[in-house]
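Just so you know, the sequences run in chain order G and X. 1 is the number of the first residue of the first sequence in the numbering used here; add one for each residue after it. 1 is the number of the first residue of the second sequence in the numbering used here; add one for each residue after it.
Rather than coming from a laboratory, the hints here were simulated on the basis of the structure. Built from N, CA and C at the ideal position, the CB exists for glycine as well. Keep in mind that a hint or two might mislead.
[What the hints assert, rightly or not] Reference excerpt, derived from the structure (chain G facing chain X, CB under 7 angstroms, subset only):
| id | residue |
| --- | --- |
| 1 | PHE60 |
| 2 | LEU220 |
| 3 | ALA223 |
| 4 | ARG226 |
[Claimed, not checked] If you want the ones that stay clear, here's a sample from chain X, every Cβ over 12 angstroms from chain G, calculated:
| id | residue |
| --- | --- |
| 5 | VAL22 |
| 6 | ARG54 |
| 7 | ASP57 |
| 8 | PHE75 |
| 9 | VAL87 |
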Amino acid sequence: MVPVLLAIIPALNEEETVADVVRSVRDHLDADVLVIDDGSRDRTTERASAAGAIVLRPPFNLGVGAALRTGFRYARANGYHAAVQVDADGQHEVTEAKRLADVIDTGVDLVVGSRFEAGFETSRLRRLSMRMLSRRISRYLGVTITDTTSGFRGFGPVAIERFADAYPRAYLSDTVEALMVAGDWGLRVEEIPVRMLPRQGGQPSAGTAKSVYHLVRLTLVIALHRFRRPLYVRGTDS
Amino acid sequence: MNLQIFVIGLGVVLLAIVIEVVRRRRLSEGYALLWIAVGIGGVLLGVARPLIDRFSDSLGVSYGANLVFAFVFVFLIVVCINLSMHVSKLEDQVTSLAEELALTRGPQTGPPGGSPPPSATDATTPPEPGSSPVPDRP
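Turn these sequences into a full structure, and let the hints steer you where they fit.
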């Protein structure tokens with residue numbers, strides 16, 4: 001039996017939770033588990049590997065987007081037909097990853113798990129900006145995506161193939177801009193609601209000043225997107 | 001008045017150049033934001049001459065343009081320091097990558113640039129476990 005599904009778990013200093021996530025993915029899904037240890041300074045690699053994950057470790061921190069791209073390259077090189085992206089902090093309920101994989105099986109190229117219907121709680125600034133992003137991205141794609149920054153996603157074979165060459169790596173671009181890139185390629189994008197778990201460990205990211213900067217940056221990215229050259233990655237030879 | 005139009009025109013040209021290189025994906029959006037801010041700042045300085053004069057008077061600077069020069073000078077120094085920091089980080093990262101690559105390639109036997117280096121799969125000595133970028137599937 002050859003597994004066709006790869007669970008890609010980008011992890012940065014998640015030694016407290018990564019082993020449980022890996023184990024639960026292996027329990028609930030017929031999938032291989034790939035952890036990208038993106039420059040952790042703790043025992044993330046040891047814990048993930050002991051729990052049965054394949055662990056790749058770039059020599060220094062690359063950011064979630066590039067870690068994910070590494071995952072897509074691994075998936076493409078090893079012939080996986082589908083992939084699910086799961087957070088290492090234990091907030092993503094693994095049984096829901098199964099539903100993402102099921103949607104991919106119906107021929108969807110990229111499926112987003114939305115945290116909103118599960119009562120996703122967040123700050124006012126963040127909620128406002130997420131609504132703005134949702135409006136712009138949904139109009140661009142012609143499909144309603146409420147949770148554009150969700151990192152709980154499933155990818156089909158075509159998405160894996162193409163994202164392995166070109167996946168935006170900047171913070172927030174790795175989720176939001178990737179949707180527009182998928183739209184440019186004519187990929188089928190869908191969203192389903194998913195249940196979420198409270199944070200198990202680790203630290204939530206980004207303070208207010210930084211979020212505002214990233215939001216302004218993202219606004220520029222979205223405004224210019226349709227006029228820009230297609231995304232490619234320097235140094236890709238395939 | 002003509003000078004003001006010239007300064008504003010300069011700011012607009014700078015903005016156009018920045019947006020064009022972002023469009024070509026030759027400049028990341030983070031740096032683009034910095035230079036867009038500079039372009040807008042330039043335009044504002046062009047139109048805000050009376051404001052600058054008043055501000056410099058209150059600081060005891062007799063000629064407003066000198067104050068602008070001083071600010072711009074400090075700003076550019078800060079940008080240069082920031083860029084040097086980025087270059088230093090890139091140097092470290094490239095060095096580290098080259099070391100990883102040497103380890104991944106494994107021991108070499110031929111002269112440099114002679115025959116192509118053996119790939120990880122047919123190297124006589126297998127790369128050290130955990131260092132290969134794409135390990136085999138278990």
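Results of checking the hints against the structure:
1. PHE60: 6 angstroms, holds
2. LEU220: 5 angstroms, holds
3. ALA223: 10 angstroms, violated
4. ARG226: 10 angstroms, violated
5. VAL22: 6 angstroms, violated
6. ARG54: 30 angstroms, holds
7. ASP57: Nearest chain G Cβ is 33 angstroms from ASP57/X, so the label holds.
8. PHE75: Non-interface label on PHE75/X holds, nearest chain G Cβ at 18 angstroms vs cutoff 12 angstroms.
9. VAL87: 15 angstroms, holds
When each numbered hint is compared with the structure, violations occur for hints 3, 4 and 5.
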